[in-house]
Amino acid sequence: MIVESLIHPIAVALEVAGIVAIAAGTLWATVFAAHRFFVVRAVPTTVFENYREHLSRGILLGLELLVAADIIRTLVVEPSFRSVGVLGLIVVVRTFLSFTLEVEVTGRWPWQPRPEARHDAGG
Numbered sequence: 001m002i003v004e005s006l007i008h009p010i011a012v013a014l015e016v017a018g019i020v021a022i023a024a025g026t027l028w029a030t031v032f033a034a035h036r037f038f039v040v041r042a043v044p045t046t047v048f049e050n051y052r053e054h055l056s057r058g059i060l061l062g063l064e065l066l067v068a069a070d071i072i073r074t075l076v077v078e079p080s081f082r083s084v085g086v087l088g089l090i091v092v093v094r095t096f097l098s099f100t101l102e103v104e105v106t107g108r109w110p111w112q113p114r115p116e117a118r119h120d121a122g123g
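Each residue of the sequence shown is one higher than the one before, starting from 1 at the first, in this note's numbering.
Note that these hints are calculated values from the structure, not bench results.
Not one of these hints is a red herring.
Ranges of calculated distance between the beta carbons of each label pair, as one might list FRET restraints:
#1 LEU6 - ARG108: 34 to 42 Å
#2 ALA42 - GLY107: 13 to 21 Å
#3 THR45 - ILE71: 34 to 42 Å
#4 ARG41 - ILE71: 40 to 48 Å
#5 VAL39 - GLY85: 45 to 53 Å
#6 GLU104 - ALA13: 27 to 35 Å
#7 PHE96 - PHE38: 31 to 39 Å
#8 VAL39 - ILE7: 42 to 50 Å
Note that the Cβ used here is the ideal one computed from N, Cα and C, for glycine as well.
With the hints as constraints, model all of the structure from the sequences given.
Encoded structure:
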């Protein structure tokens, strides 16, 4: 089928992009943390917090790309009740991971206002 031959490479490209995003985010976070720790001599707790923040952002981006690939592959290439159920489970697990990583990075739930926004609204 023509649609499948076009969509399958797109899904694979999104999966590869997700893996690259996670790997690149990990590499960037590690290099940045090593530089801050060994060259700048920053406070270790600050270095660790920054490392977790940068690492989480790379993982979040990668998860979003992997979810997009799963949606495309499942709904366009293999539309069956079983594959849609598996997709639902994958999306639930990845969404839970995304929410927990967002809380780790920002220290607040995604629907809570940012402290700066609350400050600006009051002043």
